[in-house]
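Q: Listed below are the residues making up each chain.
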Amino acid sequence: MNNTLKVERAKKDITQQDLAEEIGVSRQTINSIESGKYVPSTVLALKIARYFEVTVNDIFELDLED
Amino acid sequence: MKLDPIIDVPLLNRKWLPVGYAFFPLPIFILIGSVFINLDLTDYVLDIGYGCWAAGFLILNLTKEKIEDEMIKNFRLQAYHTGFFWLLSGMTAIVAIKFASSFWGASGIPISATLILFLLNAYIFFAFQYQKYIAAKDSKTT
Numbered sequence: 001m002n003n004t005l006k007v008e009r010a011k012k013d014i015t016q017q018d019l020a021e022e023i024g025v026s027r028q029t030i031n032s033i034e035s036g037k038y039v040p041s042t043v044l045a046l047k048i049a050r051y052f053e054v055t056v057n058d059i060f061e062l063d064l065e066d
Numbered sequence: 001m002k003l004d005p006i007i008d009v010p011l012l013n014r015k016w017l018p019v020g021y022a023f024f025p026l027p028i029f030i031l032i033g034s035v036f037i038n039l040d041l042t043d044y045v046l047d048i049g050y051g052c053w054a055a056g057f058l059i060l061n062l063t064k065e066k067i068e069d070e071m072i073k074n075f076r077l078q079a080y081h082t083g084f085f086w087l088l089s090g091m092t093a094i095v096a097i098k099f100a101s102s103f104w105g106a107s108g109i110p111i112s113a114t115l116i117l118f119l120l121n122a123y124i125f126f127a128f129q130y131q132k133y134i135a136a137k138d139s140k141t142t
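Sequence lines, in order, name chains A and B. Using UniProt numbering, read the first sequence as starting at 1 and increasing by one per residue. Using UniProt numbering, read the second sequence as starting at 1 and increasing by one per residue.
The set of hints was computed from the structure by calculation and includes no laboratory data. Please note that a few of the clues may not be correct.
[Unchecked claim] Straight-line distance between alpha carbons at most 16 angstroms, and here's what the computed EDC-like set of lysine to aspartate or glutamate pairs gives:
#, chain 1, residue 1, chain 2, residue 2
1, A, Lys47, B, Asp47
2, A, Lys47, A, Glu21
3, A, Lys37, B, Glu65
4, A, Lys6, A, Asp58
5, B, Lys64, B, Asp8
6, A, Lys47, A, Glu65
7, A, Lys6, A, Glu61
8, B, Lys132, B, Glu65
9, B, Lys66, A, Glu21
10, A, Lys47, B, Glu70
11, A, Lys11, A, Glu65
12, B, Lys132, B, Glu70
13, A, Lys37, A, Asp18
14, A, Lys37, B, Glu70
15, A, Lys47, A, Asp58
[Stated by the list, open to error] Sample of chain A residues lacking proximity to chain B, with all beta carbon distances greater than 10 angstroms (derived):
#, residue
16, Asn2
17, Asp13
18, Asp18
19, Arg27
20, Lys37
21, Tyr38
22, Leu44
23, Tyr51
24, Val56
25, Glu61
26, Leu62
27, Leu64
28, Asp66
[What the hints assert, rightly or not] With the Cβ distance kept under 10 angstroms, some of the chain B side facing chain A (calculated, not the full set):
#, residue
29, Lys66
30, Ile67
31, Ser139
Even glycine gets a Cβ: it sits at the ideal position worked out from N, Cα and C.
Sequences and hints are given; from them, build the entire structure.
A: As structure tokens, then:
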């Protein structure tokens, strides 16, 4: 699963820690999602999308391995 | 998603962490104490050690993390899965060695319930800590 979380974060100029606090997870979780090591649940993906005011599809997309 | 109360495992408050760690040196104090009151615990040394360490690891495994998010829950599930697999692999190896060594009259470590409890909880603990370590290491490098 690919994602543009880092890009969305850069657009809003917020740190991993800020985002983590906003959506109620740890900074390690945000980092793991950004690096593609952790695939978030639907609920967390929706929370992230809502925070950035975009759809889940705008941030997350399936890659060839999925 | 709310879990059915029958299968939900409530986690302990973080105030329990020192209690968990206190169990690790406890066997030494029990053995020293037994010398002072002339209580012979020679036959129970291994069980006391394994039992105390199993209790310590159990408390640490059941204690909440600072931030209990879904990745931590995922790590915990994987740790129980991995811990159980390591226990089965280790037990199979111990039983096989014991069985093989019985042919030439040797005897290995006695397998007891406290040993199994200790190994299971220790494996779960280390599998969980390993995943946390990898996640923390990755987040430091990026």
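Q: All hints are to be evaluated individually against the structure, with a verdict given for each.
A: Hints, one by one, checked against the model:
Of the supplied pair hints, the one linking Lys47 of chain A and Asp47 of chain B is violated, its CA atoms being roughly 49 angstroms apart against a limit of 16 angstroms. Distance hint between Lys47 of chain A and Glu21 of chain A is fulfilled; the C-alpha atoms sit about 12 angstroms from each other, no more than 16 angstroms. For the given pair, Lys37 of chain A sits about 20 angstroms from Glu65 of chain B by alpha-carbon distance, which is inconsistent with the 16 angstroms threshold. Taken as a hint, the Lys6 of chain A and Asp58 of chain A pair is honoured in the structure, with Cα atoms around 12 angstroms apart against an allowance of 16 angstroms.
Note on Lys64 of chain B and Asp8 of chain B: the hinted pairing holds, with a Cα-Cα distance of about 14 angstroms set against a maximum of 16 angstroms. Annotation: proposed proximity of Lys47 of chain A to Glu65 of chain A is violated, straight-line Cα distance about 25 angstroms (limit 16 angstroms). With a CA separation close to 14 angstroms, the supplied pair Lys6 of chain A and Glu61 of chain A stays within the 16 angstroms bound. With a C-alpha separation of about 11 angstroms, the suggested pair Lys132 of chain B and Glu65 of chain B falls inside the 16 angstroms cut-off, and the hint holds.
The suggested pairing of Lys66 of chain B with Glu21 of chain A holds, with an alpha-carbon distance near 13 angstroms, which does not exceed 16 angstroms. Restraint check for Lys47 of chain A and Glu70 of chain B: the C-alpha separation of about 13 angstroms stays at or below 16 angstroms, so the hint holds. Using a Cα cut-off of 16 angstroms, the hinted pair Lys11 of chain A and Glu65 of chain A is violated, with the two alpha carbons roughly 28 angstroms apart. With a C-alpha separation of about 13 angstroms, the suggested pair Lys132 of chain B and Glu70 of chain B falls inside the 16 angstroms cut-off, and the hint holds.
Under the criterion of a C-alpha separation no larger than 16 angstroms, the hint pairing Lys37 of chain A with Asp18 of chain A is inconsistent with the structure, at around 20 angstroms. In summary, the hint linking Lys37 of chain A to Glu70 of chain B is supported, as the alpha carbons are separated by about 14 angstroms, within the 16 angstroms threshold. A hinted pair counts as satisfied when its Cα atoms are at most 16 angstroms apart, and Lys47 of chain A with Asp58 of chain A qualifies at roughly 13 angstroms. Even its closest Cβ contact with chain B, about 16 angstroms, leaves Asn2 of chain A beyond 10 angstroms, as expected for a residue assigned away from the interface.
Once the 10 angstroms rule is applied to beta carbons, Asp13 of chain A is consistent with being away from chain B; the minimum gap is 18 angstroms. The Cβ of Asp18 of chain A sits about 15 angstroms from the closest Cβ of chain B, beyond the 10 angstroms cut-off, so the non-interface label holds. The claim that Arg27 of chain A lies off the interface is violated: its Cβ sits roughly 6 angstroms from the closest Cβ of chain B, which falls inside the 10 angstroms cut-off. For Lys37 of chain A, the non-interface assignment is contradicted: its Cβ lies about 7 angstroms from the closest Cβ of chain B, within the 10 angstroms cut-off.
Against chain B, the non-interface label of Tyr38 of chain A is violated: not every CB pair exceeds 10 angstroms, the least being about 5 angstroms. The beta carbon of Leu44 of chain A sits about 6 angstroms from the closest Cβ of chain B, which is not more than 10 angstroms, so the claim that it is off the interface is violated. Remark: the non-interface label on Tyr51 of chain A is consistent with the geometry, its nearest Cβ contact in chain B lying 15 angstroms away (cut-off 10 angstroms). Its beta-carbon lying about 16 angstroms from the closest one in chain B, Val56 of chain A satisfies the requirement of being farther than 10 angstroms from that chain.
Every Cβ of chain B is farther than 10 angstroms from the Cβ of Glu61 of chain A; the closest lies at roughly 20 angstroms, confirming the non-interface assignment. For Leu62 of chain A, the shortest C-beta to C-beta distance to chain B comes to about 20 angstroms, beyond the 10 angstroms cut-off, and the non-interface label holds. Every Cβ of chain B is farther than 10 angstroms from the Cβ of Leu64 of chain A; the closest lies at roughly 23 angstroms, confirming the non-interface assignment. In this structure Asp66 of chain A is separated from chain B by more than 10 angstroms, as the shortest Cβ-Cβ distance comes to about 17 angstroms.
Proximity of Lys66 of chain B to chain A holds as hinted, the smallest CB-CB distance being about 8 angstroms (cut-off 10 angstroms). Among the interface hints, the one on Ile67 of chain B holds; its C-beta lies about 4 angstroms from the nearest C-beta in chain A, closer than the 10 angstroms criterion. With its C-beta approaching chain A no nearer than about 4 angstroms, Ser139 of chain B sits inside the 10 angstroms limit, and its interface hint holds.
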